[in-house]
Amino acid sequence: MKRQSLALLILFALVLGGCAQANISSLKSPTPTPTPTPTPTPQPFVLTLTPGTSTLRGGLSQQYIAKTSDGSTPAFTWAVNGVVGGGADTGTISAAGLYTAPQFPPVTGPVTVAVAEVADTTKSATASLTLQNPIPQITAVTPAPIDIGTFTLTVSGTQFAQGAVVNFGNTALPTTWLSPTQLTAMGTATPAQAGPIAITVQNPAPGSVLSAPFTVQVSTPNPNITVTVTPATASVGAGNLAQFIATVTNTTDLDVTWSVNGVIGGNKTLGYINSHGIYTAPYATPTPNSVTITATSLANPAKSGSAAVTLQNPVPVLSSITPVQLGAGPFQLTLYGTGFVSTSTATFGGQPLSVTYVTSNMITAIGAVTAAQAGTNVPVVVTNPTPGGGTSGSLSEQVLSSSAATPAEAATRFLEQSSFGPDPESLNQLQQLGFDLYLQNQFASTVTPYTPPLQKATVYDLQNRFFLNNIAGGDQLRERVAFALNEMWVVGADKVSDPVGYTNYLNTLSKDALGNYFNLMNEVTLTPAMGHYLDMVDNDAPPAGQHANENYAREIMQLFCLGLNQLNPDGTPALDGTGNPIPTYTQDDVMALGRAFTGWTYPVEPGKSAQSHNPSYYGGPMVAVESNHDMGAKTFLGQSIPGGQTAEADLTSVLTIIFNHPNVGPFVSQQLIEKLVTSNPSPGYVQRVTAAFNTGKFNTYGSGNRGDMQATVAAILLDPEARRGDVAATVVATDGKLREPLVMEIGIARAFHARTDGAGLPYESDQMSQDVFFPPTVFNFFPPVNPISGTTLNGPEFAIFNTNTSLARANFISDTVYGAIGSNTKLDFTPVVNAGTPTQMLAWLGTLFLHGAVPDSMAQTISTAISAVDPSDTTGQAKAAIYLVTSSSMYQVQH
Amino acid sequence: MSRHTRRDFMRLACCSAAGASMVSGLSKFGLVSALAQGTPGYKALVCIFMFGGNDSNNMVVPIDSRYTGYQQARPTLAIPQASLLPMQMGNQAAYGFHPNLPELQGFFNNQKNLAVLANVGTLVQPTTQAAYKKYQNLPENLFSHSDQQDQWQSAQLMGTPNAGWAGKVADSVQASLNSGALFPPVLSISGNAIFCTGDTTNPFTMNPGQTPGLQGFDTSAASQARFLATQQLLTFDSGLSMVQAANKVTGQAVQYSVVLSDALKSAPTLQTKFPDTYIAQQLQQVAKVIGVKSALGMGRQIFFCAYGGFDTHSDQLAQQTQLMTQLSQAMSSFYDATLELGVSNSVTTFTLSEFSRTLEPGSNGGTDHAWGSHQVILGGAVKGNSVYGTFPTVALGGPDDADQNGRWIPTTALDQYGATLASWFGVGAADLPSIFPNLKNFPTTNLGFMG
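Keeping their order, the protein sequence lines are chains F and U.
Counting from 19, one number per residue, gives the positions in the first sequence under the working numbering.
Counting from 97, one number per residue, gives the positions in the second sequence under the working numbering.
The reader is advised that the hints may include incorrect statements.
Facing chain F, according to a computed beta carbon distance under 8 angstroms, are these residues of chain U, among others [what the hints assert, rightly or not]:
(1) Gly137
(2) Gly148
(3) Asn233
(4) Leu234
(5) Asn237
(6) Ser242
(7) Pro308
(8) Ala321
(9) Gly335
Simulated from the structure, these hints should not be mistaken for laboratory data.
Where is the CB? At the ideal position from N, CA and C, for every residue including glycine.
Can you build the whole structure from these sequences, using the hints too?
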């Protein structure tokens, strides 16, 4: 309302101005400042306006006096900048000549005050008035008192002009103007400033002016504060992580600043330490090989605690290698164990391998099988250098005699579907081994673990770890299926931010990804992560007037196992007599299932006693509290569950009913096919995979038990419909899928042998609408059914593909090739540079990214762009080629 | 302010130098940009989608004699009567807003430019309890988030929709009212939503505060050659359906991101402050784009904003409190921005959410999926200070309850809600049935809340 009436006022002024055009013009005409001149009679009439030229601060008033030379007292019209009565921006003037300045000066500069006789507007005078900012006044400052260290002040008061600056003593602070009555400013209080300090606000020009000081206290540092760092001594291997904990006493301000040898945050030479006390030892051991980690109290910087760290390598332990079988030529191994360091080396039959450090539990190593090694077992060992260090025990790799090689086109496609993407070595090995041996090795592979998070780690650290595991892990097929399950059995880290909880949930997915679907259902249901995410935890038997929580009950059916409508084994909807789909379950089924899921709470934290609702704790499966379980009889999906069953018994009953529902096979098969191979599988394809799921058997794969995931996954990957794109003659135009951003991102990292700590990679995926572990809802980043606009095709990933994210994908490629990902990620483009001519570069890229030659028209366009690069800059040529191939839709779509 | 026409302004502005000096004074309030840029017929619809299913039982609550029934049905979740914000209509206040909606209360009571639409939802036809229990002509998959979101956004109550009602509304008026548009008529600030896609309309999508664009290019010959190649690669026919579909989106992205970023370079700086919340930042982005509507040649625009967290199966009171604060403050700032831009009577903001929630509490401090819900509509063209539709009887197992848990059978259809907005926007009566296929089953096609 205020603004509307103001606008009306302006409108009124406009209209008035319009009607009185001539008068206003004369008011505006330049009038020389009247000066007394001795002139004979008759004296010319003079109208004098005082003050003639003046300054005035915002909000203040000034009386103008118009005096006629003939002593008459006619009626006057007063105007400001030509507007009778003035206006809100320029100030107002009353009929009696009392001018009131606006609170803040107009950006247009000085204003002109004009007066004219009403009866004869040629009799007029003007005065120039320079408006200045008002004097600011402080009424309150928070926080008070101000603690030593960094602070953000909120300053309240009046008459703060835009551009006002808060002074802390004599220091001008970076200030944010929020309103004429509120500012915020950031700064740092030093121990020397303890005691009273003056806060002032300075309004800027015009008329820059300081407020009266407002005194606040800077806290005297608390002399009783102590800081202790644990462990007090530690030995850390090169590149390894170590957690340090600062215990601060005698204060509520527990924040500390971490430094290494006095360098806050550390540096490359000494190692880095983050704000959570997680220290990363330097990749190259410095001399001397010891550093001091110090935690300094923010509340009293004179108080600190330290730990003495010896940078010394452990003896590595090699526990397993993936894969265990190799064919001829180049290979990449993932070595699992403990005590690996950034300077670890490895040998294969005595020959050195090219090692990439990932974590203390995992390194990768690239080498090549020699002709002489065919048909032999070749020992692999890992060695850590001094200081400390040593050599691991030996494990054997079985080198097979060579057989007919699978074509590269087919091998690349198979790896696109069964892994996070090919690299040259994995491509060669699949060519050598063939699909079946490759699958058998994958099914037998070591599970790449999510190791327990460090004590102060966050779910963001776990996001980085996701990239490390999936770039470097040898069990690529398991990880790809586990990721598909992570997007099906969704737990969002926005709600489940506990890294232990999320870690255990991820490890459950990995463990069951190539196991049995019933175990997956049972074990994920009981993770506290899922329990918290979908509210099964502490879902008690409802008292009168309430009903059991329906969240998990609904979504385990709708999203995880059954879907909304009854399905045929080929995934098409079963229809009723009138051609309509038949709902899988009713609202009554949801409510019955909600009751069956009552009575579960968090596990008991070690050292605590059990309660009916245990406090949040994620270190194991949920536990039943029978007194909170609804023991009543239930009817669920047409089956009776007797009354009096325990929470465990009810859980087994309902999960068994769900697991045996005929929808599970086609529902799970369709979704896994979409995640791995194609968005539009034919009913026949779904039916064949459903048969594998239902029988637990596909060819030689699987246990024969319903829900066997190895049989299901093998059926998906070896189906003729998955393989028909391997040969140009049988390509079907509608096959394939848009790559998920995360799969694309990891695929590029793998292809170029990324060395990374993972930092920065989650940011890139977030830009592409796939912030790993943070889907917006339990419905994942994208739904399984999503029509592609303008087509009759399904394209789930197109639900996060739009004008924004399509460019974000290209910009991710740009960051990768021309910019930087995080501060510690390096991709190796030398294989492309060394491929030779631009044509050979494109051939290299085509094989790895397009499962074959780059199509002619595309190759010509890219060659033209390459030819614009200085021919001596072969790296620049290779980068242009990489950018154009990988940002193209031909790569972004897995086909 | 809207009473000005462009002609009025020209007349006023040309009269003198004094006029010119006032222009600078006025520009702060948007009169100049509104009038001088020459889009007298501009209109915009701004959707705020509350993902997860907002519990509107606690958003608009009866505070008259019916309050007791509400309180008894959800004792653990009822908001105290005294803290509800009375919605004054004449000298009566039968309803109160959630305590964290003071800005919306102000619009409703004082500016009278905010309306409430009660118990609206997905309906094939007027529906009774008996019909519900027999599953007669119900929307598919009631109580499912994804399906109900799709239905609210598309007005298609069966199957998977290929287009949304905003997209189809844009299709309908594109030739007649948007012929000068240099930019897509629908803009999403919140990712993909079927709401935005028409039969011919393809939306533009951006994040708040980030104008999309291809990065990593400079003016060197090599870089320019690579840029050209990037664009050329988008035009080849690979023969592969998915590749072509991706090329189409990326091609539009490259084209329109340039148009938008050029236009935004001349955007006026908004004085209106927005809170630092996701929904407010989205609405601020909408205001910025409305600020360059003339540079983009827009006569009609539809915007999609959304935020989540409404699926309050547990801990509802605390969760919804924050969400309501965010809604109220964001809508208030956005309305102020439309005042600043001089378009407050041309921009209508409205809420959608896939369903309301059970009146009966669930077993751990939350509620579960329900059906009919209350929504709010704000703007200078809204006939506010009124509750439209029929407020349900707030009683478990009462006449409006689908069953026993307080899932209201809607008494107003989504189609009627959408058609009322679409008609104001300029969609002709002849086009409404194809956009809102079930509209024909309801007696009223215009609910009357738009002026």
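Which hints, by number, does the structure contradict? 1, 3 and 4
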